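Asker: The numbering used here applies: residue 1 is where the sequence shown begins, and numbers increase by one.
Some hints here could point you the wrong way.
Here are the simulated lysine-lysine pairs, DSS-like style, with alpha carbons at most 25 angstroms apart [unchecked claim]:
1. Lys438 to Lys595
2. Lys358 to Lys371
3. Lys358 to Lys392
4. Lys392 to Lys371
5. Lys222 to Lys194
6. Lys267 to Lys222
7. Lys358 to Lys267
8. Lys371 to Lys438
9. Lys392 to Lys595
No lab work stands behind these hints, which were simulated from the structure alone. The structure displayed is predicted, hence computed values, not measured ones.
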Amino acid sequence: MPAAYLTGLPELYDWTPSGTARVRSHQDQSDRAVGTPKLLVCHDLAGGYTKGDLEEEGGSDANNYLISHAWHTIDTFVYFSHRLVTIPPLGWIAAAHLHGTKVLGTFITEWAEGGALCEQLFASPEAAETAAGQLSRIAVHHGFDGWLLNIENTLSEAAITNLLHFIRVMTEQAHGMDPSGTILWYDAVTMEGKLEWQDTLSPLNAPFFQACDGLFVNYSWKAETPAQAAAAALASGRPETDVYMGIDVYGRNTYGGGGMDCDVAIKAALAAGLSVALFAPGWVWEHGDRDRWRDRDQEFWDRILAAWPHRPPTATSLPFSSCFNPGHGSDWWHQGALAWQRPWWSIGRQSQQPIFFKRTIGPFTAEISDKQPWSGGASLRITGLPQHDEQKASFELFRVAFPLQEAVPERSAWQIRAVTGHLDASRCLKLSLALHLKGKAVTPALDSHGPSAPAQPAATESGMDHTKVLGYLASMQAYEMAKDGTDSVLTRYLPAVYDLSCCSGTGAEETPPSENVMAPDHPSSSQAIRHEPAAQAGRASMIPWISGSWHVQPSALGITGWTMTSVWLNCSMLAEPSGSSKEALTSYLGEIAIKYAPVAI
Numbered sequence: 001m002p003a004a005y006l007t008g009l010p011e012l013y014d015w016t017p018s019g020t021a022r023v024r025s026h027q028d029q030s031d032r033a034v035g036t037p038k039l040l041v042c043h044d045l046a047g048g049y050t051k052g053d054l055e056e057e058g059g060s061d062a063n064n065y066l067i068s069h070a071w072h073t074i075d076t077f078v079y080f081s082h083r084l085v086t087i088p089p090l091g092w093i094a095a096a097h098l099h100g101t102k103v104l105g106t107f108i109t110e111w112a113e114g115g116a117l118c119e120q121l122f123a124s125p126e127a128a129e130t131a132a133g134q135l136s137r138i139a140v141h142h143g144f145d146g147w148l149l150n151i152e153n154t155l156s157e158a159a160i161t162n163l164l165h166f167i168r169v170m171t172e173q174a175h176g177m178d179p180s181g182t183i184l185w186y187d188a189v190t191m192e193g194k195l196e197w198q199d200t201l202s203p204l205n206a207p208f209f210q211a212c213d214g215l216f217v218n219y220s221w222k223a224e225t226p227a228q229a230a231a232a233a234l235a236s237g238r239p240e241t242d243v244y245m246g247i248d249v250y251g252r253n254t255y256g257g258g259g260m261d262c263d264v265a266i267k268a269a270l271a272a273g274l275s276v277a278l279f280a281p282g283w284v285w286e287h288g289d290r291d292r293w294r295d296r297d298q299e300f301w302d303r304i305l306a307a308w309p310h311r312p313p314t315a316t317s318l319p320f321s322s323c324f325n326p327g328h329g330s331d332w333w334h335q336g337a338l339a340w341q342r343p344w345w346s347i348g349r350q351s352q353q354p355i356f357f358k359r360t361i362g363p364f365t366a367e368i369s370d371k372q373p374w375s376g377g378a379s380l381r382i383t384g385l386p387q388h389d390e391q392k393a394s395f396e397l398f399r400v401a402f403p404l405q406e407a408v409p410e411r412s413a414w415q416i417r418a419v420t421g422h423l424d425a426s427r428c429l430k431l432s433l434a435l436h437l438k439g440k441a442v443t444p445a446l447d448s449h450g451p452s453a454p455a456q457p458a459a460t461e462s463g464m465d466h467t468k469v470l471g472y473l474a475s476m477q478a479y480e481m482a483k484d485g486t487d488s489v490l491t492r493y494l495p496a497v498y499d500l501s502c503c504s505g506t507g508a509e510e511t512p513p514s515e516n517v518m519a520p521d522h523p524s525s526s527q528a529i530r531h532e533p534a535a536q537a538g539r540a541s542m543i544p545w546i547s548g549s550w551h552v553q554p555s556a557l558g559i560t561g562w563t564m565t566s567v568w569l570n571c572s573m574l575a576e577p578s579g580s581s582k583e584a585l586t587s588y589l590g591e592i593a594i595k596y597a598p599v600a601i
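Please put together the full structure from these sequences, using the hints given.
Answerer: Below you can see the structure in the form of structure tokens.
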């Protein structure tokens, strides 16, 4: 049984590390833009510590709640319960850190019992320091990033003084343990020791705010509150983004009403430049038909994402991989073979999630599906309904920040690998990957390069008459140029890094690479991976999977020092003759992996 929570001061004081310390995430969270509003999600579900959370390997309820495609917008995740010390479960820490999201535990005191506990806890500076040290050691041992401090009871004047000392020590220790260390204060008790929620940043809670990294404002605020809170933060010398406007998804006295209308409050907070704290998005699971909660979750986050313009990268270092496993399934697959057949849920087994759960562009739909997993419980299923004219679409899958550092050896390359499957090899969708790169142009004019390069763009304000374009995204023949000091920023698209189609059923159709752009690992550039169909009660026979890997050489392209910013999936479909079958074409993307690899001479 993994460590969960502590319920009293004796447990806190007696806590010692047990077992192996958790390994922290390799994702660098410092890349997230400073000064931009942040989205915090406070997870309050069924009282906390559901059965799946308490089991090291998860649970057997595949329909249990989790977060998947929304991670790319969430800067901070708070695991909340009403225990004194809430330690986030390992699985939630792993999933959040995988996507570059900070994780905070909760320290909470409530009611008369909490008041008595606080008088003991904050009886002296030394007592406060002892508790702060224990909480810091707990966070370090379990590998999460800090704490949300929530004191919801009255306090004496002496206790308030030592509480402030406690917050300052907690913040100092959090910053010392890791650059991402964070301490946040919840708007409840005031400097007068009264339990009076301010619903804004006010003189009665400002000293607590000044002692830590940010304020989680209680959710009963009004339309005029965001502007007032932003002005108060700036007047105190702090950025307005350090103030998180609370939004209760259950809608309890919440501006905008909560529920599916949380975007109303989000827009109001963003208009004032403030951050947002979304409380209890598990409402979609607890409210309504449990079997359809994922439909509600899709609608809920679609509205949130439409209102939230900030998209920090979820991965900042190589190697990178995703098999689109959402952390649950009706059975478990390993590299295209059925390993075992029983429902499971384990958010800690989640792989990197794309920025959507389901998206439709024209006749194409891409969605996370358990119909035919490659590894884990799902894959990315792409369907297209034949039309009378040629159709194309591009789906952004991942937002990343992979720098091509100068120290990379000249003969190093990116190795990009993908695994795909097609239901009908004779009538399949044509799939390809595209990489979005950004860097500084080194010359004012460069010629076109690559067989798929579109026409040169006209002169722009940046003064560049031409760009060196390495192809294009199928439905995105656009260029991004902007001034960056005295240098121009140029966006390049590496087209069809490799064709993922399986038209012959034996291997991917190969597109000849442009000079120095793409080099196949071996002459065939792909190989079929097949398994005999496993015994699957009532399940269709398994499709053949195709694996291909290609090299991209940054030094040969002159893009050393550039950054890969996103990974896209291109889909295309030839026109169907009039009167032909209108049955949808279906393909699967089972895995994407990117890493550095040496290039053979």
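Asker: For each hint given before, does the structure comply? Return the numbers of the non-compliant ones in rising order.
Answerer: Violated hints: 8, 9; rest satisfied.
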